[in-house]
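Q: Below, each chain spelled out in residue letters.
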Amino acid sequence: MSRMEKTESIIEARGLVKQFGDVTAVNNISLFVGKGELFGLLGPNGSGKTTMIKMLTGQIRPTSGSATVIGVDVVQDPVGVRERIGIIPEQETPPSFLTSTEYLDFVGEVRGIPDVQKKADWWFDFLEFSDKRDVLCKDLSRGTRQKLMFTQAFLHKPALALIDEPLINFDPIMQHKVKEYLTDYVKSGNTIFISTHILEIAEEICSGFAILHKGKLLHTGTVAGLKENNQHLDDFFLSLVRKDDHG
Amino acid sequence: MAKLFTCMMKEEWRIHSTIFGSLSFALFPVLIFAITFMGSFLLPLFRAVLPGGNISLVTHALFVLLGIMVGGFGLIGMEAMNRRFGQASLLAFSARSLPLSERRIFLVFVVKDTVYYFILWVLPFVAGFAVASPFIGVPFAIPVFLLITLTLAFLTGLSLVFFLSTVYARSKRLLFVAFVLIIIAWAALYYLTGVNGVFLFPPLILFRAFSWATLLAACALILIPSAVAVMLFSPEHADTTKRFKNAIAPLTKKLSFFPNPPLAAKDLIDLNRSGSFIGQTIFSFLIPLGLLWFLLFVLAPFLPPGGVLLLFAILTGVISSTMYTWLTTFDSFSSYACLPVSIPTLLTSKICSFAVLQMIPAALIVFVSFASGGAVYLVPALVLCLAVSFYALAVTVWLTGLSPSVLVYDARVLFLYLVAVGVAIFFLIVLAFMNPYYVVASVLLLLPGWLLVKQSYRKWESWDQPGF
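Taken in sequence, the protein lines are chains A and B. Each residue of the first sequence is one higher than the one before, counting from 1 in my numbering. Each residue of the second sequence is one higher than the one before, counting from 248 in my numbering.
Please note that a few of the clues may not be correct.
As the list claims (entries may be wrong) - DSSO-like cross-link-like pairs, simulated, lysine-lysine; straight-line CA separation at most 27 Å: (1) A:Lys35 x A:Lys187; (2) A:Lys119 x B:Lys489; (3) B:Lys500 x A:Lys119; (4) A:Lys214 x A:Lys243; (5) B:Lys501 x A:Lys118; (6) B:Lys489 x A:Lys118; (7) B:Lys492 x A:Lys119; (8) A:Lys119 x B:Lys501; (9) A:Lys157 x A:Lys138; (10) A:Lys138 x A:Lys177; (11) A:Lys243 x A:Lys227; (12) A:Lys35 x A:Lys177; (13) A:Lys138 x B:Lys500; (14) A:Lys118 x A:Lys179; (15) B:Lys419 x A:Lys138; (16) A:Lys177 x A:Lys227; (17) A:Lys138 x B:Lys501; (18) B:Lys500 x A:Lys157; (19) A:Lys118 x B:Lys492; (20) A:Lys179 x A:Lys119; (21) B:Lys489 x A:Lys138; (22) A:Lys138 x B:Lys492; (23) A:Lys177 x A:Lys187; (24) A:Lys118 x B:Lys500.
Honestly, the hints are just simulated from the structure, not real lab data.
Okay, chain B solo, but in the shape it has when bound:
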């Protein structure tokens, strides 16, 4: 077990350092440390506007999201690695060649993810805050507490996604029912008692006031879903060879208005059959945005009219831009290497498929606008969301070409992305708070976006594509 754990840790490091470069990847925790360290000096400013409790709420929620995202990527690792490295074989999938059960390997995999990402994310984040704390008058006990509670928040997200994914593997219908029940319970709690469910999150309560009972509750929230996930995890695979009717020919005809109909048809089939469409919509889109909505709701008293909806539209735009990774994660570019297809053609096709996927955030904004009573701001919110999404997509394409996963851990690329997108968002927030209708000006972002995509064509055509 210990040997397998060590090997999995080495494997994870080598995957990342191969994709992002050893130095770039090694610098990633340093970047997190630096951002937190510098960000800590802004705390007094934030405190002047927001109650301190809300800052800790946002921080804990971010780490829950991080856990969800790390867990989600871990589960699609095999296909993603095959796309990047060709016929990859990860230790997590080595039960056939090692005298270890799949359940045991899964358990070690979960432990490995926990330790690895704790070192990569949680530790540098808290370390940055701890080093800054004497300068901003924060008692040293706070970072120590934060180390415990953020770890618990991160693990809660991780265990939640492992639990939901094993439920998903057993029955998609059951997962859907579980979701509906959670949403109903949350809404009922709010409407009956006026308590926002996020304030009942045990790691957050623990951060505010330590008690052994809360610590136990926080641990239970991690251990119970994890234990159920390991129990539900089924190593028995039925014959997975499925047969499908020819879908590409009719779909290509239907998409004849696209610049490259067969490429777009392939993208949509990939999304559907890989389970990404449903899986990513739930795990990478609806869950994070659901949590963000509740967070923004908490901030509502401090925001101008329409502020919650417009901030939500901006965040939805940023998260929607990551749909580009849905289109590239499972696509093996070596498939195109034997075809007369250029990199600009592929990029154009991916952007068109991305445009189709933008119906999802558009529908969400329409729904949220009406559901929250903010229908009067529907048009600016919709324009804002889509403009941010396409602009962030253009930045992503310019920085990462056909390998957007590089964004996650290449410190240099991530920094450039944060600057390019962050500056635009800052001005949009200012506009939104001045007058909600001013944000319609966000449509101007499409111009630099278009220029960036044009630049990307030249930039990426001259690069040797990995796997191409």
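Isolated chain A (complex conformation):
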């Protein structure tokens, strides 16, 4: 029985292609992510991970192929997709001239989230940046900006969150806290889709994974499956990528 048949689909991509001029950033990728997974999209820099996330979140249109996210077509209704999900983009870019509190208020208004300040307060405490509530986003450190982006993505408790490099700007203590949060979030029936090139994180928290290289999908599988074969994700990843590099 395939993975697709076992679980309810939350992301389904079929033959996605994205070209920027002569460059094919994503080349004919089909992917399936089931509900309740913590799925990792892995690959070296420039492998097409961010482009893939941008297509799945309706930020850019695929050149060809199709995808549905929570049952919504990303090309036909990109805004509908973004209504239902949470996104943390690769570059943490909250609006420069709003304060942290204002930005979360703004997100609350746009998304129609009730009691947004109460929810924001919980996040300020949880991610330990209450002292930055009234500071303009442009004056925040990268780590604090990522905390803020993390908050905006989970403020409305989405059924699916797509996160590009989830822990890259966090200190080890905050990384631990966030990893625990993500694991618990998935346990409560939600889905997380992360893109990362830090394999230790993927091996530690992900259930399923896909490896991209030069825009192509090299492999999809589960971390549990690797462990059953006594394989480590980083060894597996490196052998696969090197093999692809050498044709």
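Following the hints, position chain B against chain A.
A: Here is chain B on its own, set in the frame of chain A:
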């Protein structure tokens, strides 16, 4: 220093060629050359209507304006680049990582802007005129002189804005006082001696009659403000981390009649806190229009009744349409990428915020109408100004979507803009000269404007937004 200068030149070219495309941007000086070359053949026609001196006055004033605009954009470059490219880092802001003082980097930045924009604007403009000059009976010495005096005019604008911006950084109150003093001095000169201050502009005097003393005066007008700017430039930044009370929640409530209140509230907060509202109103609106008013005043004897005010209303409308860039320059569209906001929603919101900003040109037209004794033409002037502004906005949105800065240097886009807006303006000027009240018909421009905006929604929704 030389290495930094070369790198800054390369950086400026790469910024422009990345935004506008290498070919489009490389064609920009060619377009300037072509426009000037062809425009030169109209000179005999202009001369029949206007004294030659006024044409040179207009040309020099345009280059002062150009210097002001180039300088103004240079100073907001960092935030604008961050909005376009994400976490951009320009060499001008690299004192932290290079063993160079901020003051020295600022000096090289000023020199770079001077050389770069001389090549981009002044040289092709004069070259176009020089090539055309044998065909229209203009002695070759005139373009040579023009190359010197237009360069001086451009540098005057550039140095003025660097000077004013460093004053602004030190004390906004001081800048305000400086402005008031300049206006009082100008008005006093006019009312006491009858001399319009623009005719005392050294590069213009130099163009009309060369003298070493005037050349020195023209150079002093550039060097003194530049030197003061470099001296006043303070690399010591106090802790710039400011704290603000929550303004978005109350403002969103106040703007509840807008289609997208939180987006409009964010726009207004951005404008206020980025300093754009005051800065742009002064540098991109009041200064250019102030200069244009004095120019039109010179043309008054050759224009029909109400002509000066109506021409001013048209120019105010065109310049007001650039307020759209105020709303987009500092807005990082990647902020919206994680939200359920569509491109048409963003465009609608920007147009609504733009409509709020139109209170500024409306107030200016009311003021100028009464101050110039032309209150009888207030209604047509107001309708004309706002109709032109909204129509030019619609053309801008249609051509550039959420990236209106493309207008500046993409030759194809600029050409289309000039045709679309220029044709409409031509007919409005004809109407204004036939009967001042006929220009109320300009309200009809709102129809093609509305259609263009509708088209824009479809057009830009299907594009991948940079930074989105």
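Q: May I ask which of the numbered hints given earlier this structure violates, with the numbers listed in increasing order?
A: Violated hints: none; all satisfied.
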